Amino acid sequence: MALSMKGDFTDNLGKIYGIYVGGFFAFVLLMAVLSMVGVPDRFILWSYMAMTIGIYAFIGIMSRTAVVTEYYVAGRSVPAIYNGMATGADWMSGASFVGMAGTLFVLGYDGLAFVLGWTGGYVLVAVLLAPYLRKFGAYTVPDFLGTRYNGNAARLVGIIVLFCCSFTYITAQVYASGIIASQFLGIDFEIAVFAGLLGILVCSMLGGMKAVTWTQVAQYIVLIVAYLLPAVWMSTVQFGIPIPQLTYGGALSKIAEYEQILGVAKAHVAPFTTYSPKDYFFLIFCLMVGTASLPHILMRFFTTPTVREARKSVGWSLFFIFLLYFTAPAYAAFSKFNLMGLFANAEGLQLAFTAIPEWMLQWGSIAGHQLVTICGVKAETVMAIQTACEAKGFVGGFPYAELKLNNDMIVLSTPSIAGMPIWVVGLVGAGGFAAALSTADGLLLAIANALSHDVYYKMIDPKADTKRRLMISKILLVVVALAAAFLARTKPSDILSMVSWAFSIAAAGLFAPLVLGVWWKRTTSMGAILGMIAGFGTTMYYLIGNVYGFDLVKGTGDEIVWFGVASISSGIFGVPVAFVVTYLVSLFTPEPSREMQEFVDRLRLPSGGQMMVQGAND
Amino acid sequence: MPDNITREVAEAHWSKTKKLMVTTLAIWFFFGFFIHFFVSSLNNIVILGFPLGFYMAAQGSLIVFVVLIFWFASRQNTIDEEFGVAED
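Residue numbers (my numbering), protein chains in the order written: chain W, 513 to 1130; chain G, 49 to 136.
Bound-form chain W, shown alone (with noise of 0.2 Å):
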């Protein structure tokens, strides 16, 4: 059965996607239909939710498998377009659907660091690693590791530096998708998380890499609609032309004249009001060289059946993910220019008490979360709201300046905000969620993947057999998955800077000795593994000094700073750190033996087939 439907699968994957889009689009236009017919809210949220996830569990259980390749790799077969859906889902997380236009909006210039260094990284991928990769025909990055740099040793480092940034991403992953299912849905921010867990673990479980996949090209049509819908309104009803990417120049230079009309001091395009321009570059590095070693996207390029389509592949990710990213500064201005419009044309300047919209109390009651804040306080009722600003003086209103709106909540509040009816808010919502959640199937499934495959079959139990692989794997999922959702419920920090830090880690620890391994045939295994932690523990080493200092509490005065580097670009010294010892050491072991070169020059060509050939060695 679930070999029959393999072939079917993939040979029909246009029929199948395209009914997808067309059943979407119908189940949207049925939820509009119902809200003009006065279902209640409530209702339509909820039937998004279950909508969604309920396709997402279908798929996740039509593409189980028990296949090795298939669990791991999706049976190397996934075409290069559509590897580059699933690569966009996978990429886009939480923080980029919910946070990024909110972070745009906020800092404005200065905000494009997390777009250019999102998107610049792919160039590193495509040239440097991912056709590479896709050669030796590995399942895991560590694998890759512990084959070029003989042995267990440097596996082992590989898999730490996996987990450490894996792990610190996954739990973003799940307090995000926790969020957004306790503000939609209206339940428990505690019991929403595990929800969201078990919306992961239904896709990551039973199928692996297979039904990841195929469940991360139906999330990214999802979200990304999501997405764009909104962005096109507003685009529509502002300047007639449904191309926001287009027409945000228009809300731009509107934003500069409110920006003169409110004095508002720092202009929304101008560079450097809140980044030194040192801040801006060096994360914008970090975040690059970042996406080039995380490992749960290069492993996406292991799929694709050829190293051509692995190439291609990279593109067509980046251009899915373009879509998104290239809107989310025209979605930032549309908000802003909607926002700002609200005090420029009120009388004095100043937003009336009395004209307080309701959305702002909406969100700003919130329980648990800090979303509106007018004043100084919580935005809750008009009266509290009345108070505080009378005690600073303001009476009758209050300016824009006292105005503060979280980063968060830009994207998910702006269709209310425009005045969108349920169904956008909805979609929204639901695109949020297939945001969250696709994110954190990859990288579950590359923790899980690296502990079965590289931990307990490579180094402890060489003679397991394929049923208990997968069984292990698949038990560590639901351990890794349970220890992520426990550490999220304590609201460990904010999902932009604990996505940043992955990055970080995993370009100083991984970065160096995955490009040397194939662009510099001299790299001893002792070199790379020597820079391996030389860079991971620089990196290590100065984030946990910076933020919390050497006795791991915050704010107690004995946090370091280099250079007055920021945390979040704490990559930028562990990456040069990595390639200085590499080379330093390379230099001073005897060099690779004649097989390990020969092997090199086997991983440069792209002819004579993959090279770990399953089966024989897996």
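It should be emphasised that the hints constitute simulated quantities derived from the structure, not laboratory data.
All figures in this text were calculated on a predicted structure; none of them were measured in a lab.
Ideal Cβ placement from N, Cα and C applies to all residues, glycine included.
Some hints could be false.
[Stated by the list, open to error] Derived DSS-like pairs: lysine-lysine, alpha-carbon spacing no greater than 25 Å straight-line:
hint	chain 1	residue 1	chain 2	residue 2
1	W	K916	W	K778
2	W	K1033	G	K66
3	G	K67	W	K1033
4	W	K890	W	K778
5	G	K64	W	K1033
6	W	K916	W	K904
7	W	K986	W	K975
8	W	K778	W	K790
9	W	K890	W	K904
[Unchecked claim] Here chain G is said to cover these stretches of chain W; the calculated rule only asks that three of the stretch's residues, wherever they fall, bring their Cβ under 8 Å from a Cβ of chain G:
hint	segment
10	633-646
11	926-940
Mind docking chain G on chain W? Use the hints.
Structure of chain G alone, referenced to chain W:
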């Protein structure tokens, strides 16, 4: 080394591949970093409401990255075929 490919061919293929890598990464560096050093001056040029410096970081460089990867993939294919090391 696969039997049907000589060391000379493999080395020539790799040297061309390296050149392509350097070219691609140079373009990447230019649009990823270099051009943004001049954001303040570029912002004085405004097209359709977009200050150019802002536009390059928000959209221009991104478009370049997407096109660059597809261009790179097709160039690398040509190189592989030229030396007879492409996949069947």
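Evaluation of the provided hints:
Our distance criterion of 25 Å between C-alpha atoms is met by W/K916 and W/K778, whose separation comes to about 14 Å. As the CA atoms of W/K1033 and G/K66 are separated by approximately 13 Å, the hinted pair is consistent with the 25 Å bound. Between G/K67 and W/K1033 the alpha-carbon distance is near 17 Å, which keeps this suggested pair within the 25 Å criterion. In summary, the hint linking W/K890 to W/K778 is supported, as the alpha carbons are separated by about 24 Å, within the 25 Å threshold.
For the hint pairing G/K64 with W/K1033, the CA-to-CA distance comes to about 17 Å; that is within 25 Å, so the pair holds. A hinted pair counts as satisfied when its Cα atoms are at most 25 Å apart, and W/K916 with W/K904 qualifies at roughly 15 Å. With a C-alpha separation of about 18 Å, the suggested pairing of W/K986 with W/K975 holds against the 25 Å cut-off. Using a Cα cut-off of 25 Å, the hinted pair W/K778 and W/K790 holds, with the two alpha carbons roughly 19 Å apart.
Under the criterion of a C-alpha separation no larger than 25 Å, the hint pairing W/K890 with W/K904 is consistent with the structure, at around 15 Å. Interface restraint, the segment 633-646 of chain W with chain G: holds (7 residues with C-beta to C-beta distance below 8 Å; minimum three). Requiring three or more residues with a Cβ within less than 8 Å of a Cβ of chain G, the coverage given for the segment 926-940 of chain W is violated, as only 0 such residues are present.
Hint 11 from the list above is the single one not met by this structure.
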